[in-house]
Structures are given as C-alpha cells and as structure tokens.
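Two chains, two separate frames, one set of hints: put the complex together.
The primary structure of each chain is shown beneath.
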Amino acid sequence: DGGITQSPKYLFRKEGQNVTLSCEQNLNHDAMYWYRQDPGQGLRLIYYSQIVNDFQKGDIAEGYSVSREKKESFPLTVTSAQKNPTAFYLCASSIGPSGMSTYNEQFFGPGTRLTVL
Amino acid sequence: RKEVEQDPGPFNVPEGATVAFNCTYSNSASQSFFWYRQDCRKEPKLLMSVYSSGNEDGRFTAQLNRASQYISLLIRDSKLSDSATYLCVGRGAGTASKLTFGTGTRLQVTL
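If you read the protein sequences in the order shown, they are chains U and V.
Position 6 of the first sequence, counted from 1, bears residue number -3 in the working numbering, the numbering being contiguous throughout.
Position 51 of the second sequence, counted from 1, bears residue number 101 in the working numbering, the numbering being contiguous throughout.
Isolated chain V, as found in the complex (with noise of 0.2 Å):
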C-alpha cells in the first residue's frame, strides 16, 4: 500500500464548479501534510499547508481527519486557471522527517 494515496482523476468539472479531492495516509505517525499544486511541465507549488482545525484559504478549503487517515482539499467555484495537478502530502514526526508525496489529482477545469 502507498503511503499517501490520491485518485489520480482527471476531475472534469464546468468553471464555477465546486469540487473535492481526497487523499488517505497510511503512516499514523505523520504530523504534519500540505497540498501542492503542478502545472504540466513545471514544478510543485505549494498550495496549503493543513492545520488540524482545518483551514481556508479563499476558496480554497483543507481539512485534516485523523481518526480516518484522510486529507481533503475542497475548491469553490472552480476557475479555469486552476487546472492543474495537486498533490498531496504528508511528513512524519521531527522538523528533520522527509515528505512523502501522493501521485496527484489531475483537475481540468472546462468552460
């Protein structure tokens, strides 16, 4: 079983759409997760870092479930410009602990 798993998509869904990714971890002792975004071809970007409360940032919402293992990212009404790949995740427990990253969710957002 991978680490951090996320279905890879692609999520088509028209501009305005509003849209969720989920992502599971395997590792309980993993502390701390982010989502990034990827443009083709270029590199990741980071899009949010995922409090325990759970964040927002715009239109843009994260939330963290332990007792399930998952992280979620919800996106309200989808613009074209954020067709991209995010990717999920996750870094075990110390400053010093390495990322593990999920293949990425492919959204293509349409007209």
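Isolated chain U, as found in the complex (with noise of 0.2 Å):
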C-alpha cells in the first residue's frame, strides 16, 4: 500500500526536551511537508522540501529542524527552544516541482499529536 506513514501516533515530552517525529513516505514524491494544527486555526508550515537534501523554512519554523537524507524520510525535530510546542503535526508530501500535476496536490499522514507536560 502506497502512503504516508507518521510515528509515533501520540508523544509526551518535558519541557526542556527535543523530540523527533518521523515521516516516512513511499508515493515517489519529490515533495514533503510538516504543518502544525492548533484548534481553531488552519494548517500553519513550518519547514518543507522539494527535494533530498534541500529544505525551506515554512511560516514559522523557529524551535524546529529538519533533514531530507532520503527521498522517502522528512524527520522533524522540535527543539526545547519551541515555547508552545503542544500541536497537532502533520507530515504531508506532492510529487513536487518535476512532476506532471498542475494542481500539486498535497497528501496527508495521519498526525503526532505532542503534548508537552
């Protein structure tokens, strides 16, 4: 089955602590993303890539990183030094820039939720 995977499914972290969140795709996209969703609020971008070993700060990539060593895998790590980390994030991923499709449309993971305690 082709898709996008996301573990783990639900994190708890102390303050103070970075945690990785993986994302794992096998669509052959050239593109990913990672989005934070807070309630009430759209879908905001932090990083994205549109290709192995380049990546882009998103609308609000401050306490967080990322890294694109494989076509497949976009981690995103959220650092001690994000002061409101509590979100729903999501991983997505589009063929990207050297694919066929006008649209670009963006295919989603199922979600980590991170809960800072």
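Take every hint as true, because none was put in to throw you off.
Straight-line Cα separation of at most 20 Å, DMTMM-like style, residue types lysine to aspartate or glutamate; simulated pairs: (1) V:Lys148 <-> U:Asp29; (2) U:Lys61 <-> U:Asp21; (3) V:Lys148 <-> U:Asp45; (4) U:Lys74 <-> U:Glu6; (5) V:Lys148 <-> U:Glu53.
Bear in mind the hints are in silico, worked out from the structure with no lab data behind them.
Right, dumping it as structure tokens:
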C-alpha cells in the first residue's frame, strides 16, 4: 500500500527536551512538508523540502529543525526553543516540481499529537 | 486579513439537504484551489481540486470565481457521513508554491 506514515501517533515530552517526529512516504514524491494545527486555526507550514538534501523554512520554523537525507523520509525535530510545542503535527507530500500534476495536490499522513507536560 | 477565509460554522443540516460553503481569498495571484475534508482528530484528505471552469464529483460541486475571489463547495443530498470540517486551500503561482489553509467550516448532518 502506498502512503505516508507518521510515528508516533501520540508523544509526550517534558519541557526542555528535544523530540523527533518521524515521517515516511513510499509514494515516490519529491516534495514533503510539515505543518502544525492548533484548535481553531488553519494548518501552518513549518518546513518544506522540494528535493533530497534541500529544505526551506515555512511560516513558523522557529524552534524546529528538519533533515532530508532520503527521498522517502523527512523527520521533524521539535527543540526546547519552541515555546508552545503542544499541537497536532501533520506531514504531507506531493509530486513536486518535477511531476506532471498542475495542481500538485498534497497528501497527508495520520499526524502526531505532541503534548508537553 | 487572512489569506483564505471561511465561515467556521457549524452548519447543522438534516440528512438529504443541500448545503453550500463559500471561501474567499485575498491573494489574486493564487493559482489553484482545493477542498479538503478533515474528520475530528484525523488528517485532512483531499476532496476535490477546483478547476477554473468548475467541477463536479458525484454529490459535490466546486466552483471558482476569480473576479470576486471566492471558491464554493456545494454538497447535495447530504449524508450523515458528510459530517466533518471542510478546509478551503489555495496555492500560489508555480508548482513549488506553498498551500494556504483556511480554518475550516464545520458541517454536522443530522437525522
């Protein structure tokens, strides 16, 4: 089955700890994205990557870091510098600029709920 | 002003009703649009891409009005299973452009 997987589904973190959220896709998509969703707010882009070994900051990158060493993997680290990390984190992927889709739809993983204790 | 604005609802409609959602966008350079459906505590799932000429998929019809900068979603013959939050999404020019999400409109279909 092709798709996007995220782990863990639920994550609890103590203040001051870094945590890494996993995102893997086997859709052969070039582009991958990380969003956070807070109650009553739309999804906000944290980081995105159009191609392996390259990534760009989104709208709310402070306190987060990413890597893109493999096409299928785009892990997100929530650092202790992120002041309000409790949120629902969603990873997405799309064909990317090398693909043929004019619309370049994004497809989402099931998400990780992070709670800071 | 938010880049993509939606009425948060909730829209409470009886089964079988027709319901319409509107969404306005402020960036006239936005090139393509989507409707996503999000169930409670789940990930968004693509419902429809919105074509310039409008498009229909079964009970769902999406339309784009570039002159007035709004997108609409019409759901006919509502089912209980249509209860969800519907996210309006815009994308700027170029295939590498980011998506901008509205906060969503909540639909509750009742018996």
